[in-house]
Structures are given as structure tokens and as C-alpha cells.
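Participant: Just need the whole structure built from these sequences, with the hints factored in.
2 protein chains.
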Amino acid sequence: MPKEGITPRAKDYAQWYLDIVDKAELADYSPVRGCMVIRPHGYALWENIQAGLDRRIKATGHQNAYFPLFIPQSFLQKEAQHVEGFAPEVAVVTRAGGEELTEPLVVRPTSEAIIGHMFAKWVHSWRDLPVLVNQWANVVRWEMRTRPFLRTTEFLWQEGHTCHATEEEAEEETLKILNEVYADFVEKEMSLPVYKGLKTDKEKFAGALRTYSIEAMMQDGRALQAGTSHNLGQNFARAFEIVYQNRENQPDFCWTSSWGVSTRLEGALIMAHSDDEGLVCPPRLAPIQVVVVPIYKGEEQRPGVMEAIRRVVGGWEGRFRVKVDDRDQLTPGFKFNEWEVKGVPVRVEIGPRDVENGTAAVARRDIPGREGKQLVQQAALAGHIAALLEDIQQGLYDRALRFRDAHTRDVSSYEELKEAVETGFARAWWAGTAEDEERIQAETKATIRVIPLEQPGGSGRCVLTGRESTRQVLFARAY
Amino acid sequence: MPKEGITPRAKDYAQWYLDIVDKAELADYSPVRGCMVIRPHGYALWENIQAGLDRRIKATGHQNAYFPLFIPQSFLQKEAQHVEGFAPEVAVVTRAGGEELTEPLVVRPTSEAIIGHMFAKWVHSWRDLPVLVNQWANVVRWEMRTRPFLRTTEFLWQEGHTCHATEEEAEEETLKILNEVYADFVEKEMSLPVYKGLKTDKEKFAGALRTYSIEAMMQDGRALQAGTSHNLGQNFARAFEIVYQNRENQPDFCWTSSWGVSTRLEGALIMAHSDDEGLVCPPRLAPIQVVVVPIYKGEEQRPGVMEAIRRVVGGWEGRFRVKVDDRDQLTPGFKFNEWEVKGVPVRVEIGPRDVENGTAAVARRDIPGREGKQLVQQAALAGHIAALLEDIQQGLYDRALRFRDAHTRDVSSYEELKEAVETGFARAWWAGTAEDEERIQAETKATIRVIPLEQPGGSGRCVLTGRESTRQVLFARAY
Numbered sequence: 075m076p077k078e079g080i081t082p083r084a085k086d087y088a089q090w091y092l093d094i095v096d097k098a099e100l101a102d103y104s105p106v107r108g109c110m111v112i113r114p115h116g117y118a119l120w121e122n123i124q125a126g127l128d129r130r131i132k133a134t135g136h137q138n139a140y141f142p143l144f145i146p147q148s149f150l151q152k153e154a155q156h157v158e159g160f161a162p163e164v165a166v167v168t169r170a171g172g173e174e175l176t177e178p179l180v181v182r183p184t185s186e187a188i189i190g191h192m193f194a195k196w197v198h199s200w201r202d203l204p205v206l207v208n209q210w211a212n213v214v215r216w217e218m219r220t221r222p223f224l225r226t227t228e229f230l231w232q233e234g235h236t237c238h239a240t241e242e243e244a245e246e247e248t249l250k251i252l253n254e255v256y257a258d259f260v261e262k263e264m265s266l267p268v269y270k271g272l273k274t275d276k277e278k279f280a281g282a283l284r285t286y287s288i289e290a291m292m293q294d295g296r297a298l299q300a301g302t303s304h305n306l307g308q309n310f311a312r313a314f315e316i317v318y319q320n321r322e323n324q325p326d327f328c329w330t331s332s333w334g335v336s337t338r339l340e341g342a343l344i345m346a347h348s349d350d351e352g353l354v355c356p357p358r359l360a361p362i363q364v365v366v367v368p369i370y371k372g373e374e375q376r377p378g379v380m381e382a383i384r385r386v387v388g389g390w391e392g393r394f395r396v397k398v399d400d401r402d403q404l405t406p407g408f409k410f411n412e413w414e415v416k417g418v419p420v421r422v423e424i425g426p427r428d429v430e431n432g433t434a435a436v437a438r439r440d441i442p443g444r445e446g447k448q449l450v451q452q453a454a455l456a457g458h459i460a461a462l463l464e465d466i467q468q469g470l471y472d473r474a475l476r477f478r479d480a481h482t483r484d485v486s487s488y489e490e491l492k493e494a495v496e497t498g499f500a501r502a503w504w505a506g507t508a509e510d511e512e513r514i515q516a517e518t519k520a521t522i523r524v525i526p527l528e529q530p531g532g533s534g535r536c537v538l539t540g541r542e543s544t545r546q547v548l549f550a551r552a553y
Numbered sequence: 075m076p077k078e079g080i081t082p083r084a085k086d087y088a089q090w091y092l093d094i095v096d097k098a099e100l101a102d103y104s105p106v107r108g109c110m111v112i113r114p115h116g117y118a119l120w121e122n123i124q125a126g127l128d129r130r131i132k133a134t135g136h137q138n139a140y141f142p143l144f145i146p147q148s149f150l151q152k153e154a155q156h157v158e159g160f161a162p163e164v165a166v167v168t169r170a171g172g173e174e175l176t177e178p179l180v181v182r183p184t185s186e187a188i189i190g191h192m193f194a195k196w197v198h199s200w201r202d203l204p205v206l207v208n209q210w211a212n213v214v215r216w217e218m219r220t221r222p223f224l225r226t227t228e229f230l231w232q233e234g235h236t237c238h239a240t241e242e243e244a245e246e247e248t249l250k251i252l253n254e255v256y257a258d259f260v261e262k263e264m265s266l267p268v269y270k271g272l273k274t275d276k277e278k279f280a281g282a283l284r285t286y287s288i289e290a291m292m293q294d295g296r297a298l299q300a301g302t303s304h305n306l307g308q309n310f311a312r313a314f315e316i317v318y319q320n321r322e323n324q325p326d327f328c329w330t331s332s333w334g335v336s337t338r339l340e341g342a343l344i345m346a347h348s349d350d351e352g353l354v355c356p357p358r359l360a361p362i363q364v365v366v367v368p369i370y371k372g373e374e375q376r377p378g379v380m381e382a383i384r385r386v387v388g389g390w391e392g393r394f395r396v397k398v399d400d401r402d403q404l405t406p407g408f409k410f411n412e413w414e415v416k417g418v419p420v421r422v423e424i425g426p427r428d429v430e431n432g433t434a435a436v437a438r439r440d441i442p443g444r445e446g447k448q449l450v451q452q453a454a455l456a457g458h459i460a461a462l463l464e465d466i467q468q469g470l471y472d473r474a475l476r477f478r479d480a481h482t483r484d485v486s487s488y489e490e491l492k493e494a495v496e497t498g499f500a501r502a503w504w505a506g507t508a509e510d511e512e513r514i515q516a517e518t519k520a521t522i523r524v525i526p527l528e529q530p531g532g533s534g535r536c537v538l539t540g541r542e543s544t545r546q547v548l549f550a551r552a553y
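Residue numbers (the numbering used here), protein chains in the order written: chain R, 75 to 553; chain W, 75 to 553.
Quick caveat, the hints were computed from the structure, so don't treat them as lab data. Hints may be right or wrong, so weigh each one.
Stated by the list, open to error - Covered by chain W, per the in silico footprint, the following chain R stretches (three or more residues, Cβ under 8 angstroms):
1. 97–110
2. 165–179
3. 203–214
4. 247–253
5. 529–541
Said to hold, decoys possible - Listed below are the simulated SDA-like cross-link pairs for lysine to any residue, each with C-alpha atoms no more than 25 angstroms apart in a straight line:
6. W/K262 x W/T482
7. W/K397 x R/N138
8. W/K152 x R/G172
9. R/K276 x R/A505
Said to hold, decoys possible - What follows is a list of derived Cβ distance ranges for each label pair:
10. W/R219 x R/Q151: 39 to 47 angstroms
11. R/G389 x W/D86: 54 to 62 angstroms
12. R/Q151 x W/T405: 54 to 62 angstroms
13. R/G392 x W/E254: 56 to 64 angstroms
Owing to the predicted nature of the structure, the values given are computational and were not obtained by experimental measurement. Think of the CB as a built atom: it goes at the ideal place given N, C-alpha and C, for glycine as much as any other residue.
Facilitator: Okay, here's the thing in C-alpha cells:
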């Protein structure tokens, strides 16, 4: 049943997204232009996202650290492409402690500059390499058009920064992050399939040698860049003089990488899975996985029902994230509605008849209405719920994958490409230039999202120029 | 044995602290005035501090959220005392996205103003109360004299903000945080006894009705304010119009509280426990609790020793945070030294004779040299280490408590007070004014740290004015 205050997707997808963010109490607008407030339910989801990423980042050998929020303006200017990319969108502190600063301080839009400076201080010999650090932090980019989670002036993210002896090691690191950290997390925990690939020069990070990204498809067929990993070559090492003595005792520039994902991921999660009834959340990341709603009429039924619930949920600690909704003045219907909007994957109802029969009604959020509801023996409930959570997790992935495959078209002419990007991704052979990409973007609003790592082999005619090419690319309109 | 590069405490306590921070690789200086870089070992310690606090904050019913870094300048001005306290030390963004801002944005020095604004938006009725949120964030205060962890321009902290229907509830919250969250954490996990009490009006938070704090004693007898909890009365509710309909359907101002601890705690931990050989870290917070160092001569002994170590540590995952230091080119002595400086509580050594005899040598960091070393059967090792970690945790607390008691003196004259604050705390009856406090501070550099919650009862003569008083206070020089 469509919910009050939620615009149906079919009617206005953009407004539907904003309604979900609002009604599920994920975020709110702040009085500061383009900055959002992440509300407790939205932040609990972010904490689970952080935990899943942090575990993978540490498992691949990285250590967390923390670097200053402020970057001296001159530092940003040391790498020519970097400053060109970021200078237009920085916020600048010019006054502090009641005085004008002699050198303005940029609020970090990303931390290559300040971390590059520290790497130069720490790295002396090949024995100091690799340096593998990660930072959880806030960054600021002065964006013109903002949207909660998807694009905000201030956002939260992690940014990894590494320093290596050779190009091969930097490249290996860059791809390891893309595959073992980002794609693995998004597919397994967010239930969202991604295309992995290389960005074209036009789309790469300001200052990078190569940028890789993972791209997910939203329910309107648009792409969302869910994470990027950059091989920075020796560009930043030259700019910040990160020099080490190699095994031959010769000074050499390091090879560095950087990579990040942000609160944007939460926007992707919301947009990819939710429906007209509210948030739909993959169980592994759901702040509350199971809500238990007592059903009773009058005060005399209450104690028996609550006692049964206490007994049932008694052994669940550490197994599920559970909330027993024992609020007194609210009807079960009101509670069902609230937890559906907030995306709790499983709801358990226990009433007087269940107390008698030793049963419970179990409803799954991903299949609304009666079809998703089942009567289960209390004795079998924990096992049933564990299996159900896994089933929902996998089901969301499968559904997203089917949707993506159905909305990814192989195109062989520009006309077909134009049509395909109206509703999804277009896969095409490509031999065009950056100018060609500009033209397509101007005419169709679509960009090359990635040159996929997985290529079919062989060759074909470029969708625009007709020239023979050995590589395919994915075009899409993007968030 | 004193370590290279660490100035002995007795010679120069301030320099000793800086040397520990540097040699244990906890933090480094950055090119941004007063901002530090928290290095991986220091950040891992901070993560453990965060985890212990976050668990207690959630267990007392609070939820995490996130509010903007920037605060419109006009917001800070809404509460008169608040702006007076913080305006001189704020950093201000005046330019962003290439343009001058029409209203400058203050980088948050604390978030009462922005959160007060959001509370006003969220709270309508008594049913919405209490609101209990916490934020992990960075804040900026433009300090003149900075010192790693203890006072830095940018620092990391948590700030709790709550909103209540009555003064009693706000007061109860303020004290609950002081007792159940802050004092409990610092005493049980940081092994540091604290005095809990009320700040005088002169020392309270800018805009608060009442400020409570916990104060710890460092090894030079100075006080370090380790956490503060403020009952803000209705001051911020009036300034930001946080109004609710009470049970009688009348509009009323809320009562709010705020409370915070910061990376300063890490400075307190370092200063309170460490010695001339480096960091000493309470086991519950140590990034590495047990380091295992293989002892062998030549390549032929190595495999047997490493195999024994693998077998021994095999079952320790999830039980201890362990590092096996299998670096090849370094001598055991070099490794011992490094992990002593970095404050690992327990070191295990296994050599060829241990392999034969099924033994291991176990050294404890808190008792340096031979006295702290024991030979233990490998079969009993895990149990031995578990008990040892507990023993070290408690031993550090006991030692700090003995030191504090030995350096807290009851004083009954101003002369005695002056003498006592040279080496520790002075406990005195007090009936003076804010001007009297100023005078004492000017003459002795000591301030009233707290009016302890635990009072002896009865009365005595004020140490300065001679007037009869029913309350005692604690004077000390402070960090």
C-alpha cells in the first residue's frame, strides 16, 4: 500500500527519493547551504556501512590515521591538474582567532596534498614502503546542485592513500581496492551488482594517471558511481617530493594511489532497493533487522503477550539486531507502517492466539502484503529468521541484477545509443576522442561510465565514428 | 633502561611527553598551525577509546547522528555568553566556490548552535522528548599554544546533545553522563582515577547553567580536565526557540544538556602512565596487547621457532590483540625496544630452548627489566596472559590512585595551598568569589578544578577569606 507522504516512483522518481529520505528519517535539511543533517536512523545505517568497509580495508593491510581538515592554499597548487579540478569548488578560511590569515586555508576537498606532504616526511628508503593508510573524515566541495546523500557540500567518506616503490605495486593496490574492498562490499553487503572498469581520460580524477570505478544502476536506469580508485602515478610524488632510496641506493619518486567512497553509498542503497512504501534495506546493513510488534486488546492481554515476546527474543542478542516495539499508545497498524517506511527487513507479530499456539506471524519487507507473511512455530523462529534474512539479502541482489541486465543494451548505432540511455545503460564499441565524449554528453546527457575490466575480446565498429575498436564502453546518464 | 631520544621525566616533563608522542609514533606535526597528524598507532588507540565510549553512550540510550561542520555566524551570536566564549577562537570561511559568502560560516568550535536549531525543528510535543543524540566529529578552536593531543587547533571528539521536558531530567542526564559514561570509562578502561565535581561559575562552559567535570592527576601533579558535562538550562532553548507543548498543552521551553570528551583523553592516558622507556598503555585500550618475538640464530633455527609460535597463537584470535613480529633483518633486542617504546603490555619470547621445553618467556611492560619476566609453560600461556593483562590493568589504576592520594593535600592556609599546588592538588574549604579565584590564579597559576560531588559534610574556614563554608574545593595547576 503506497504510504502517505511518499510520491510513487512512477510519478516522480526524484521526488520519491527525497520523500523516502524524509519519511524514513534518514536525513534532514540544514540551514547551511547544501549541508545535510544525518539523522539517527540514517547514521546507524552509515555506521554499518563503515564497519563493513573498515573490516575490508584493514583485512587488506591498511591502517587508519587522521590528517588535518585544513590545507594551506599553496599545497593545493603544487599539482597542476589537481588544483585545476578542485580550486573552483573549495571553501576557504581567511580569518581565524580574530585575525586575517597570511595564507588562506582550504577546507579539504580531498587530502592528497596534505598527505603527500606527510609521506615525503615519513618515507626515506625502500624499507619504509609500502605505506598503506586510510582516513575516515569529512570533506567539503562547494556544489551547485545538491541532494541528500547523493551530492552534498559537506560529506563523510573514507579516503585511502598509499605509497609504493613501483608502478606495478601501485596498480596492484588500485585494483585490489576496487575488487576486494569496494566491489566486494557493495555486492555482498549492499546487494547491489556493479560494473567495474576504467574511466576515460575525460572522466578521471584530477591529477591521476588512471581512475577505476564501480558503477551501479538505479531503478530509473541511471548510473551511480559508487566508488573510485586512482593510480596517481608519480604525479603527486613529484609535486610533494616523495622520494625514497631504492634497493640500488638511488633516489627515486614513489608511486602513489588514492581511493574513496562516501555517504553517497547510502544514497545508492536507498535508490536501488526502496519502493513506494518506503526504505528497503539489505539485512546485513539494516540498523534494525527484526522488529517485534505485540498484538493485544486491552491491558489484561498485554502481560501474557509481552512475556511470550521476552522469552522468544531472549536468546537473540548477538544474533540479530532486534527492536521490540512495546510503545503503549500506538496501534499495531501504526507501528507496521512506521517500520515498513524505515525499511526493517523482518517483522514478527505475536498476539494472544500465538501465545496459546506457540506461533508467531513473520512478515518480510521485500514482499509486501499477505504474500510475504507466514505463520511460524516459536521454537523454529530464530532459525527461520536467520534463513529469511539471508534470503532477503540474496533476493535484493538478484532483483537488482535482473533489472540491470534488462536495462543494459548492446548498441551499434548512435540512434540506438540515444534510445538506450533513456532507460538504462548502453554498451558499445568505442574509438572516439574526448571531444566526441563531450558531444555525446551535450546531445544525450550520457557519459562513458567505464571501460569495463571484463571485455568480450575481438573487435567491433565504434558506435559514433565507425572506426574499428577492440574495446567496449558503457554509456549512461549518471547521478 | 632509558630510551634513546626520550628525555627523562625528572629532567623535563614537558619534553618527555613530546618525546613519547614522537617515539611511540602516536602523532606528528603538520604544516598547518596547531593541527597534528594522528599516526596509525595513535589512531588505533583512539579507535579503542571511541569504542569504549560509544558502547557506554549507546547503552545509556543515545543515538549517533551527524550535523554540519559549518555554522552560520549569526547562529553563534544567538546565545550571549556562548558567543562571548567562542567568538575569539573561531576559524571563519568567507569564500567558497570562487565567491565571497554573503554570510560567513564558522567552522564549528562546538555544535550547540546548529543542533539547537535542528532540535527546534524536531521537537513539538512532550511525546517527542527526550531527544538523546551524540556526534563523533572534528572541531576547530584557534588556540595560541598547542601541544599534541592535549590542545590542538583541530581535534576529534564526541559531543552529546540532549533535550528534556524538565530541569530535573536535564540534571539527571548531565550527571548520568558524568558518572556512567565518562568516569566509568576513564577509571575502568584508562586505569585513571578521577575527581568528579561541579565547576565554579568562573570555569563553567560558555552558556551553561552548570558544568560538571572529571579531573585526573598527571605524573607532575597537574590536573587534566578529562571530560565535561553541561546542564544548559533553558539558555539555548530560549536562544533557538526549542519549544514544546507540555502535558497541559501549554508551550514551554525545553531544558538541554551537552557533554564531550576529545582526543585530549589520549594525551591524559600517555601522560598518566608512561615512563622513561616509552608509552605505557592500559591493556584494554592497547592497539596491540601481546607481541610475540621469535628468538633464533641463523636460518636453520627459524622454522622450528616459527612453527611453535604459530601453534601457540593459533587459538588467540578474538581473545587478545596479537602481533607476531616476524621481521627478518631485525634483532630481538631492536624489536624489544620498539614494542616497549610503543607500550605493548605483554611480550612473549620463544626460542629454540622453549621449543624443546614447551615454554615461553613472558615480560610485562609495566615492570621493566628482569623482575617483570617469567618462564611459563606454553600449555598455560593463554590463561597466564589473560590474568596478566587484568593484573596490569588494575595495577596501573592502583599506582595512579596511590600517586594521586599522595599528592592531594588538605590545606588550611593560603601559604599551604601555594605550596601544595607546586606538586599536586590542594583540597580546601572555600567561600571566595570569582575575583578571589582570579587572584589565586594570578598568584599561583592554580584554579579551582572542581567542587567535588563527594563532600565530607560539616564546615570549615575558607582557605582565603577565613569565612565559614560548607563546601570544599580542589585547587590545582592544569593542562
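Participant: Given that the segment 203–214 of chain R was listed as covered by chain W, double-check it with a C-beta distance under 8 angstroms for 3 or more residues.
Facilitator: Since 4 is at least three, the answer is holds.
Participant: So is the segment 97–110 of chain R in contact with chain W by the C-beta rule, three or more residues under 8 angstroms, or is the coverage claim wrong?
Facilitator: holds (count 6)
Participant: Range first: 56 to 64 angstroms. Now tell me if the beta carbons of R/G392 and W/E254 are that far apart.
Facilitator: violated, 22 angstroms
Participant: Are there three or more residues in the segment 247–253 of chain R whose C-beta lies within less than 8 angstroms of some C-beta in chain W?
Facilitator: violated (count 0)
Participant: Is R/K276 close enough to R/A505, meaning Cα to Cα at most 25 angstroms?
Facilitator: Roughly 14 angstroms separates the two Cα atoms, so the pair holds.
Participant: Verify the proposed pairing of W/K262 with W/T482, using a straight-line Cα cut of 25 angstroms.
Facilitator: holds, 21 angstroms
Participant: Per the hint of 39 to 47 angstroms, is the separation of the Cβ atoms of W/R219 and R/Q151 within bounds?
Facilitator: About 30 angstroms separates the Cβ atoms of W/R219 and R/Q151, which means 39 to 47 angstroms is violated.
Participant: Within 25 angstroms, alpha carbon to alpha carbon, are W/K152 and R/G172?
Facilitator: Judged against 25 angstroms, a Cα distance of about 19 angstroms means the pair holds.
Participant: How about the segment 165–179 of chain R: do at least three of its residues have a C-beta closer than 8 angstroms to a C-beta of chain W?
Facilitator: holds (count 10)
Participant: Do the Cβ positions of R/Q151 and W/T405 conform to the proposed distance bound of 54 to 62 angstroms?
Facilitator: violated, 45 angstroms
Participant: Is it true that the C-beta distance of R/G389 to W/D86 lies inside 54 to 62 angstroms, as the hint says?
Facilitator: At roughly 57 angstroms between Cβ atoms, W/D86 and R/G389 fall inside 54 to 62 angstroms, so the hint holds.
Participant: Quick one: see if chain W covers the segment 529–541 of chain R, three-plus residues with Cβ-Cβ under 8 angstroms.
Facilitator: violated (count 0)
Going down the numbered hints, you'll see the structure goes against 4, 5, 10, 12, 13, while the others check out.
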